[in-house]
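Colleague: Sequence:
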Amino acid sequence: MEDAKSRFKRICVFCGSSSGKKATYQEAAVELGKELVERKLDLVYGGGSVGLMGLVSQAVHDGGRHVLG
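Add 47 to a position in the sequence shown, counting from 1, and you land on the number used in my numbering.
One thing to keep in mind: the hints can contain errors.
Beta-carbon label-pair distances, calculated as ranges [as the list claims (entries may be wrong)]:
1) Arg54 - Val97: 25 to 33 Å
2) Asp109 - Ala70: 13 to 21 Å
3) Glu85 - Leu115: 14 to 22 Å
4) Lys69 - His113: 27 to 35 Å
5) Gly111 - Cys59: 15 to 23 Å
6) His113 - Lys68: 16 to 24 Å
Only pairs whose alpha carbons sit at most 35 Å apart, straight line, appear in this in silico DSBU-like list of lysine-lysine [what the hints assert, rightly or not]:
7) Lys69 - Lys56
8) Lys81 - Lys56
9) Lys87 - Lys69
10) Lys68 - Lys87
11) Lys69 - Lys81
12) Lys68 - Lys56
13) Lys56 - Lys87
By construction, these hints were calculated from the structure, which means they are not laboratory data. Just so you know, even glycine gets a beta-carbon here, dropped at the ideal spot from N, CA and C.
Based on the provided sequences and hints, a complete structural model is requested.
Modeller: Printed below as a string of structure tokens:
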């Protein structure tokens, strides 16, 4: 990954409250959360703890970043 400093501190993510029909959707949600952690970005989202929303937020939270929603 590039070693560039982001001008953003938080990012808002909108995604489904279902898990999706393909496992690749779930994998992508977790990878997105991990990428946000790696880039030191906090998450702002709709607040759901299930489905793709829940996977993104859990990955960010598990990585030690703030989750707002």
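Colleague: All hints are to be evaluated individually against the structure, with a verdict given for each.
Modeller: Results of checking the hints against the structure:
At roughly 32 Å, the beta-carbon separation of Arg54 and Val97 lies within the given 25 to 33 Å, and the hint holds. Checked against the given bound of 13 to 21 Å, the beta carbons of Asp109 and Ala70, roughly 19 Å apart, stay inside it. Checked against the hint of 14 to 22 Å, the C-beta distance between Glu85 and Leu115 comes to roughly 19 Å, which is consistent with it. Checked against the hint of 27 to 35 Å, the C-beta distance between Lys69 and His113 comes to roughly 29 Å, which is consistent with it.
About 19 Å separates the C-beta atoms of Gly111 and Cys59, a value consistent with the hinted range of 15 to 23 Å. Roughly 31 Å separates the CB atoms of His113 and Lys68, a value that falls outside the hinted 16 to 24 Å. A distance of roughly 31 Å separates the Cα atoms of Lys69 and Lys56; the hinted pair therefore holds under the 35 Å criterion. Taking the CA atoms of Lys81 and Lys56, the gap is near 15 Å; set against the 35 Å cutoff, the hint holds.
For the hint linking Lys87 to Lys69, the alpha-carbon distance of about 28 Å falls within 35 Å, and the restraint holds. Under the criterion of a C-alpha separation no larger than 35 Å, the hint pairing Lys68 with Lys87 is consistent with the structure, at around 30 Å. With a C-alpha separation of about 19 Å, the suggested pair Lys69 and Lys81 falls inside the 35 Å cut-off, and the hint holds. For a cut-off of 35 Å, the pair hint linking Lys68 to Lys56 stands: about 32 Å separates their Cα positions.
With a C-alpha separation of about 7 Å, the suggested pair Lys56 and Lys87 falls inside the 35 Å cut-off, and the hint holds.
The structure fails to meet hint 6 from the earlier list, while all remaining hints are met.
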